[in-house]
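Peer 1: Using the sequences and the accompanying hints, generate a full structural model.
Protein chains in written order, with full-length UniProt numbering: chain A, 1 to 222; chain B, 1 to 222.
Among the hints, erroneous ones may be present.
No copy is singled out in the list; a pair is fine if it fits within one copy or between any two copies.
Dumping the calculated EDC-like pairs for lysine to aspartate or glutamate here, alpha-carbon to alpha-carbon at most 20 Å [as the list claims (entries may be wrong)]: (1) K146 / D87; (2) K160 / E204; (3) K65 / D46; (4) K146 / E194; (5) K215 / D16.
Simulated from the structure, these hints should not be mistaken for laboratory data.
Values in this document were obtained by computation on a predicted structure and should not be read as measured data.
Protein chains: 2
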Amino acid sequence: MSNGLPYKTVWVEYPDIEALCKKIGAPPTATKPDGSSFYTLPVIFDPTTNTAVSDSILIAEYLDKTYPDTPKLLPVGTRPLQRAFLDAYNPISSPVFQFALPATHKILRPASQPYFRLHREKLFGKTFEELVPTGAARDVEWAKVKDGFNVVDGWLQASKEDGPYALGQTPGFVDFFIGARLTWFRLVFGEDSEEWKDITSWNEGRWAAFAEGLKKYEAVDL
Amino acid sequence: MSNGLPYKTVWVEYPDIEALCKKIGAPPTATKPDGSSFYTLPVIFDPTTNTAVSDSILIAEYLDKTYPDTPKLLPVGTRPLQRAFLDAYNPISSPVFQFALPATHKILRPASQPYFRLHREKLFGKTFEELVPTGAARDVEWAKVKDGFNVVDGWLQASKEDGPYALGQTPGFVDFFIGARLTWFRLVFGEDSEEWKDITSWNEGRWAAFAEGLKKYEAVDL
Chain A
1 MSNGLPYKTV
11 WVEYPDIEAL
21 CKKIGAPPTA
31 TKPDGSSFYT
41 LPVIFDPTTN
51 TAVSDSILIA
61 EYLDKTYPDT
71 PKLLPVGTRP
81 LQRAFLDAYN
91 PISSPVFQFA
101 LPATHKILRP
111 ASQPYFRLHR
121 EKLFGKTFEE
131 LVPTGAARDV
141 EWAKVKDGFN
151 VVDGWLQASK
161 EDGPYALGQT
171 PGFVDFFIGA
181 RLTWFRLVFG
191 EDSEEWKDIT
201 SWNEGRWAAF
211 AEGLKKYEAV
221 DL
Chain B
1 MSNGLPYKTV
11 WVEYPDIEAL
21 CKKIGAPPTA
31 TKPDGSSFYT
41 LPVIFDPTTN
51 TAVSDSILIA
61 EYLDKTYPDT
71 PKLLPVGTRP
81 LQRAFLDAYN
91 PISSPVFQFA
101 LPATHKILRP
111 ASQPYFRLHR
121 EKLFGKTFEE
131 LVPTGAARDV
141 EWAKVKDGFN
151 VVDGWLQASK
161 EDGPYALGQT
171 PGFVDFFIGA
181 RLTWFRLVFG
191 EDSEEWKDIT
201 SWNEGRWAAF
211 AEGLKKYEAV
221 DL
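Peer 2: In structure tokens, the structure reads:
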């Protein structure tokens, strides 16, 4: 990646996340129903300051603050707006989970599959086989996915003249949040899937262009 | 108002809105269930360009574009974010309506009261007397109002170092949107009401300061 900070990506299997976070001092991001700590990725460890940071938006805040001369993900004048954006985005983008989580399970490494299945199925109270809609229900639920994309497209149309991103010409945190979702869908559904072909055809090809524009920021060993 | 555009405020009674909009060529902002046009305020008429504009965010866009040397409400890099902010704000701020609409009815001029009652009661399927919560339900519903303020407070805390507003030091469109709500509550509940005292005590006095900071922009003959 150009004009940013040097970094090395470490891929971690689900059952190893908690032990790694504890080892490097990355704090938990939530509390489980039983009261114990819940550790999630992404996490960074910055050897320059000997600091571990958890939670993507806190990581972005940390990097913006610690390295003020690099590109900003949360520029002054957009921080509360980007938090509100995520609160608006999350519910309207949730119908895709019933499709994407079972598809994700299939492409995970064997070491991560049982953990992923156990915890996600508990969350939804359904097996992955029950979760993914079929027949007529599939069309209804997939239409909800499309509705969500339409809402975000409506927001982005407000900046037609400014640039392709929520923050205009230069992507901000919420743009990478959307971009990460698109990368997720491309990887788990597959480039040649009906799902990915649908998504990239919606909103006059906005999502294909959006994903393409952010590709240069992807970790090279993805 | 300083360093802005000269303007004159015209107050319009509810039954006169549609005829006035048609007269000055201000387009409707929505369609009624029966298919006919629905006209709402605010509306501006700009004699310099002979243009009428309806809908507050479209008015802000028009003014930003037509008068580029005046303060911007929708700066480049914030437009989709501000639209998403409104979509996140609207559902979490809706529990206040059951309190504020009946209170509004009481302070309207007689010419507006029957229209306001008819249309709002139709929307909720309840009379104003049924809509406003009493007894134990009041505490439950008022707590929901407070929950909504807490969410917005959480967003604004992300800019503690940047300034008091969603856009930082200088208020943007969404800040005036929140400010207009606060003015509404102050006027219909009353400065000495329990409701206004509650609101201005929440979130370490954020809303009292927020309203005070925006007071200089209020129409002087309010």
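Peer 1: Determine for every hint whether it applies to the structure shown.
Peer 2: Against the structure, the hints come out as follows:
Taking CA atoms no more than 20 Å apart as the test, K146 paired with D87 passes in both settings, with 19 Å inside one copy and 17 Å between copies. Proximity of K160 and E204 under a CA criterion of 20 Å is satisfied intra-copy only: 13 Å inside one chain copy versus 39 Å between copies. With identical chains, the CA atoms of K65 and D46 are at most 20 Å apart within one copy only, with a shortest distance of 13 Å there and 44 Å across copies. For a Cα distance limit of 20 Å, the shortest separation of K146 from E194 inside one copy, 13 Å, qualifies, whereas the shortest one across copies, 45 Å, does not.
Neither within a single protomer nor between protomers do K215 and D16 lie at most 20 Å apart by alpha-carbon distance, with minima of 28 Å and 54 Å respectively.
In summary, the one numbered hint that this structure violates is 5.
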